[in-house]
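Participant: Next come the chains, spelled out residue by residue.
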Amino acid sequence: MKDKLLPLDRAISENLGPGDAVVLGACLEPDIPFAATYEIIRQGIGGLNVIAPISDASTDMLIGAGCVAEVTGAWVGNVSGGLGHNYRRALEDGEPGPVIVHDHSNFSLAMALLAGAHGMPYVPLRSILGSDIARSNPAFRRAENPFSEAREPVVLVPPLQPDLAVLPVQRADRHGNAHHWGSAGLIQESALAAEKVILLADEIVDAEVIASDPSRVLIPGYLVAAVCHLPGGAHPSPMTGRWRRDNQFFEDYHRVSRTRDGFLDWLREWVLEVPDHAAYQKKLSQRLDDLRITGTAPAAITSYAVA
Amino acid sequence: MIVAAAREIADGDVVFVGMRLPIVAYGVARLTHAPNAVGLFECGIVRYAPAGAVLYTMGDPPNQMGAAWATGLIQVMGQLQRGRVDAGFIGGAEIDRFGNINTSYIGDIAKPRVKLPGSGGAADIAAMAKRLIAIMNHQKRRFVEKVDYVTSPGFLDGGEARSKAGLGGGPAAVITDRCILRPHGPRKELHLASVHPGHNVDEVRGHTGWDLKPLPGLAETAPPSRAELAALHAIDKEGVWR
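These protein sequence lines are chains L and G, in that order.
Everything in the first sequence is counted per my numbering, starting at 1 for the first residue and increasing by one.
Everything in the second sequence is counted per my numbering, starting at 1001 for the first residue and increasing by one.
In case anyone wonders, no lab produced these hints; they're calculated from the structure.
Glycine residues also receive a C-beta, built at the ideal position from the N, C-alpha and C atoms.
Heads up, some of the hints might be wrong.
Short derived list, chain L residues pointing at chain G, Cβ under 8 Å [said to hold, decoys possible]:
hint : residue
1    : ASP9
2    : HIS118
3    : SER131
4    : THR240
All chains, full assembly: derive it from the sequences and hints.
Facilitator: Structure, rendered in structure tokens:
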């Protein structure tokens, strides 16, 4: 099989272009590919349609950095802090530029990616009936359930097939076969819906390790464009069994990004003047070590023996 | 406020737990009067016992360890649409007299005065849980005659509007830092059901943007019991959410 291991800068520059639709974080609060968020900002890739159900502060950072033309998501802010200041500035004042929002709920976005993943023309749903989301996002259609005798309104959700999904996983082999565990959010739907997938692997392991437990595989490697080895690449978001959430980092970001100048200072310090993930790890140093989960709580042995 | 919210969970309920304060309320209920409640989290977690450490977000490692199920969002939110969720808990920025909640846009959508984070799973929970419980700080600017944008539907324009829109369920209670509101009468308008100790009717009405009417039999909210306070301290050891 093809070796797909690439440094992050090449994985991004070879698979993401201006104006692309990209899933950055599919698990809601955990497993957000912040290392990729920073790299996209450093490369100055603009005009993006950022797709993410929640993705904590990642989307807010990209908006402030001027990389975003459109947001397709259910929530943009700072989960423990509150409002997203860059999101507010963009929508209220057009600073640093206008952003078009394609409003979704978590479940409607899930249905859009599900449809994209499996080639369905649309998915009917009952949720967002009565919500203005069905009105402010013109992509939705109202219809009647054709199988129901009584009148039964439904909302039709069109599919989403993003150009790229960047997805953190606990471990992968060099060919892109990967294990992901813990709550999965929309990670599998995103992986299957996207044209291309970049994995940010916390650990690179031998192919036999992944093959030993095929039920834990996120998607097989033939569907993956690139694998990057980035321990702690989801920092400051948590990763099950590997990293705790850096609550202070989110809190500090929330505080300093309150003003545009504060955000630009933050951006210089944590992104623009940090050349790559290795330098970011070095900058965090002891702080990152303290977030590392060192205990073990292994699952029971799962056997696939044939005789 | 958290204790009053926890009391809305009945033993054996399947509860959809929203971000932030609802996580604490679920834990308190589970440790006190609802030991058989089941908690559903939109990131893809089902739990029986509350997490063993304070949660900043529902995806934090303590919520993953010992979960009843770690799965995808669709498997969990699909239970809402399947009609298997008894109660849903959400917060909000703005609520109106019919329990419609706005967490999206204050002002004009095209040029909002305040852009709020959006729905997350709140619109789904509000639309599809059998009963909705909202937890909000009670201020005049938040309790308004009519919300600018309905993110999470309550009774819409009141009366039968919600069922005409194709939805069951609806708001059962709004828990604030001053009182508890419940829908009442054929219009399903929110009424004042009980006032927390240390607060009074005039004050609550003064912080409400519509002509809030008291329910017959309006009472004072029972103060937190010793067991409830102990549970609250056990769930939120560091006082992050108090």
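Participant: Look at each hint and say if it fits the structure.
Facilitator: Outcome of the hint check:
1. ASP9: violated (28 Å)
2. HIS118: Violated. Min distance 12 Å.
3. SER131: holds (5 Å)
4. THR240: holds (5 Å)
Hint violations for this structure: numbers 1, 2, all remaining hints satisfied.
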